[in-house]
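Participant: Listed below, chain by chain, are the residues.
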Amino acid sequence: MISSGFFGALARIYPPGRLLTRTAELAPYESDGLTAFRVRPGGVVLPTSADEVIETVRLCHRFGVPFVARGSGTSLSGGSVPIEDGLLIGLNKMNRILQYDPQERIAVVEPGVINQRASQISVGDGLYYAPDPSSAAVCTIGGNVAFNSGGAHCLKYGMTSNHVLGIKGVLPDGEVVQFGGPSLEQVGTDLLGMFVGSEGLFGCALEITLRLLPKPEKYYTLQAAYRSLEEAGNAVSMVVASGLLPGALEIMDRLAMNASDAAVQANYPKDAQAILIVELEGPIEEVDAETPLLQKLIDDSGAYRVDVAKNAAERLKIWTGRKCAFSAVGRLSPDFIVQDGVVPRTKLGEALARIDEISRQSGIPVANVFHAGDGNLHPLILFDGRTPGALERAEEVAAEILRLCIKLGGSITGEHGVGLEKRAFFEEMFGKKDTDLMRRIRDAIDPGQIANRGKMLPDTSAPALTHRGLHPVEKQGLAFRS
Amino acid sequence: MQQPSTIEELQEIVRQSPRVHVRGGGTKSALSSGAGVSMEKLTGVIEYDPSEFTFTARGGTPVREVETLLSGSGQYLPFDPVWVDQGATLGGTIASGLSGSGRFRYGGVRDFILGLQFVTGDGESHAGGGRVVKNAAGFDFPKLMVGSRGSMGIITQVTFKVFPRPQRYATVRVKVTSPLEGSALLQKLARSSLELACLDYQPPGEVVMRVGGLASALARRVERITELVALPVEVLLDEEEQGVWRAAREFSWMPTEDTLLKIPLLAGQIVSLEAMLSSIGLASTPRRYSVAGNVCWLAWPADRGPADLVAILSKLDSRAMAIRGKPWGVLGSVRDAEFQKRLAQILDPAGKLACRY
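Sequence order for the protein chains is A and B.
Residue 481, in numbering that gives the first Met the number 0, is where the first sequence stops; the numbers in between run on with no holes.
Residue 356, in numbering that gives the first Met the number 0, is where the second sequence stops; the numbers in between run on with no holes.
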């Protein structure tokens with residue numbers, strides 16, 4: 000239980016309405032995008048300034064109360080699930096753009112700023128913020144920083160870490176630090192890089208300096224239909240071998256297409272077993288010169304139907320079909336698990352064949368949507384949580400797929416983070432020795448395990464999994480997973 | 000000079016020594032002078048599959064060897080490593096955190112390092128990151144090593160992401176009349192969607208930029224750059240244009256006796272830095288603003304101490320690293336010392352690897 004002294008101290012920082020302790024007020028914060036986990040926090044605070052966050056973290060440190068700092072709670076790995084009897088620091092009210100400098104192509108934002116807003120504020124100057132997780136309309140920059148979020152354009156542009164230049168943050172004991180700065184280049188140890196993606200274990204970002212890029216002048220987006228998943232996979236290899244560097248290379252299988260079709264009437268060819276989305280982007284002349292090369296490759300790859308986006312609306316339609324696929328799977332199945340493993344690109348075919356085998360052997364349907372350009376798989380494991388044992392069986396399939404990714408030399412997570420969900424596989428990927436090193440580092444930064452306790456590192460007990468179906472914001476079509 | 004040829008030998012050296020200072024190719028004298036351990040025998044590419052866009056090599060591998068291998072498959076390291084001709088190694092490139100003019104387009108060394116193995120101050124060998132191009136698992140040790148100058152661990156093996164190399168390049172050179180005009184041109188071009196590969200300003204009066212891509216589109220892209228620049232330009236091709244960027248990355252403009260400094264900044268600070276240099280009598284010291292004005296490479300005269308420099312850094316709210324010449328290390332204010340100190344307690348408990356330079 001949290002002491003009344005702690006709440007009393009919080010009440011001196013927060014007015015009623017920004018300090019929530021009643022059961023009904025806490026309910027909305029019980030889970031995140033991975034709805035299988037549900038934990039009621041001891042309390043929720045909604046700070047509006049960096050100083051309030053710093054004071055709050057210092058109080059948590061003093062009273063030994065664990066905290067979870069989070070934005071919109073869209074984590075797909077359970078990374079922002081609260082801690083029982085801990086404090087949840089909700090950062091959505093810290094949503095100011097502190098500085099925007101189009102001349103230097105940077106923006107300094109508070110952690111609660113929504114991802115898409117970073118692009119919206121700069122659109123008039125022809126700039127944008129490149130990382131584009133499918134939840135971009137609701138997820139926050141602070142959450143993106145904590146989990147080094149990805150998106151569909153990572154092969155060419157990298158992940159969140161490659162677009163964050165500086166961070167003012169608070170360590171778990173209340174120490175305020177400044178990493179990096181406004182420049183693209185820095186000197187000294189890259190502590191910024193170590194902080195980003197640390198899943199909240201090193202504290203909380205308060206001000207984040209983002210790098211903005213000039214918006215590509217032209218996009219050329221095509222969607223090619225194949226009679227087999229293997230052909231689509233081979234097409235990816237051909238594109239990569241050609242020397243082209245597309246902004247995105249995405250594949251969906253038949254089951255995923257069915258789901259998107261049901262949700263947004265994507266009108267995929269009925270007999271296609273896979274579709275491949277390829278997007279070239281850049282200066283007009285460059286894209287125009289690359290286009291015939293890509294077209295020939297796709298024709299040679301066995302695609303039997305190719306649709307090219309003729310305008311921005313058609314491009315958006317292709318991307319909506321792709322980005323809504325996860326949530327749309329909810330139309331096919333009451334429950335599903337999203338996995339996020341990575342395999343070396345040359346092992347994609349092997350991985351997909353093996354996933355198909357696992358699916359057939361277990362009788363559990365698996366839909367595949369993935370970032371083919373960087374080998375980041377997103378198998379969607381479908382189940383009905385009302386059937387006794389179904390969740391456990393689906394979990395077993397998910398585990399087998401993750402172990403496959405490790406065996407093939409890949410990773411257990413490409414962009415969702417380890418969170419609560421994949422902790423059990425962490426040591427299998429990194430081995431005991433390197434896991435221990437990370438644990439010792441966490442303990443040096445946060446000996447009391449105050450900050451996001453229990454996430455990423457496999458050392459404390461996890462809350463039990465239950466089936467929950469879609470997240471409320473997904474049901475409303477406000478957010479997609481990827 | 001000790002020269003371990005296996006990781007085990009290196010681990011033994013670390014365990015036995017009270018202090019370990021490692022060097023790669025020795026191209027950055029301010030960082031490597033006085034080193035007692037050379038990585039020149041821990042070399043070799045371990046794995047390279049062009050279709051993965053990755054390679055893995057030992058820490059002491061010369062960058063030149065890797066570039067030759069990559070170019071055979073039409074690929075390259077987009078962050079444009081420096082002092083390649085003079086023998087810079089992969090490990091030294093990471094530990095110094097240096098990237099060349101070409102980092103403008105796709106990012107610096109930090110953006111292309113995927114995974115590594117390293118020996119910590121207690122002599123243990125560890126791994127971080129992965130071998131695939133996308134990975135969000137675990138603490139990002141690969142990035143932590145960037146710029147750490149050996150203080151967080153000794154890099155024994157690395158995996159990098161690579162890209163297909165543009166088919167052809169062209170370079171456009173423009174004369175400007177003042178730092179104000181130069182920095183304004185940098186800002187204007189950096190904001191354009193013309194996708195320049197490099198964009199540098201050499202005071203007092205030259206802005207130079209590089210564009211790369213398919214040969215068939217290059218002439219028209221150069222025309223559009225010329226239209227945007229709206230000043231008389233000189234267009235360089237082939238060997239002549241390659242020479243411009245080779246000279247930049249080998250720092251052949253830099254007097255060898257001076258101290259070479261790297262100063263991160265913004266293009267909008269160039270005018271004020273230029274004024275400060277003039278005011279202390281350094282108006283003619285060799286320097287180059289690279290990466291669209293995000294870094295100043297500055298030759299600090301050998302007969303000058305760092306006092307004026309520290310004052311300049313304070314006004315710029317920036318820091319500097321001495322790379323060649325005087326072993327001054329990193330100068331300027333530090334606001335992340337507590338975090339670094341706690342990491343070092345684990346990675347270098349006995350303080351064997353601590354930077355003393």
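Because the hints were derived from the structure by calculation, they are not lab data.
Everything numeric in this text was worked out from a predicted model, so none of it was measured.
Please note that the accuracy of each hint is not assured.
[Claimed, not checked] Capping the alpha-carbon separation at 25 Å, the derived lysine to aspartate or glutamate pairs in DMTMM-like fashion look like this:
1) A:Lys432 to B:Glu194
2) A:Lys406 to A:Asp355
3) A:Lys214 to A:Asp355
4) A:Lys155 to A:Asp270
5) A:Lys167 to B:Glu123
6) A:Lys432 to B:Glu123
7) A:Lys431 to B:Glu194
8) A:Lys406 to B:Glu46
9) B:Lys351 to A:Asp442
10) A:Lys214 to B:Glu123
11) B:Lys351 to B:Glu46
Participant: Now tell me if each hint is right for this structure.
Facilitator: Comparing the hints with the structure gives:
no. : hint                 : in the structure
1   : A:Lys432 to B:Glu194 : 43 Å, violated
2   : A:Lys406 to A:Asp355 : 17 Å, holds
3   : A:Lys214 to A:Asp355 : 39 Å, violated
4   : A:Lys155 to A:Asp270 : 31 Å, violated
5   : A:Lys167 to B:Glu123 : 32 Å, violated
6   : A:Lys432 to B:Glu123 : 9 Å, holds
7   : A:Lys431 to B:Glu194 : 44 Å, violated
8   : A:Lys406 to B:Glu46  : 17 Å, holds
9   : B:Lys351 to A:Asp442 : 21 Å, holds
10  : A:Lys214 to B:Glu123 : 46 Å, violated
11  : B:Lys351 to B:Glu46  : 31 Å, violated
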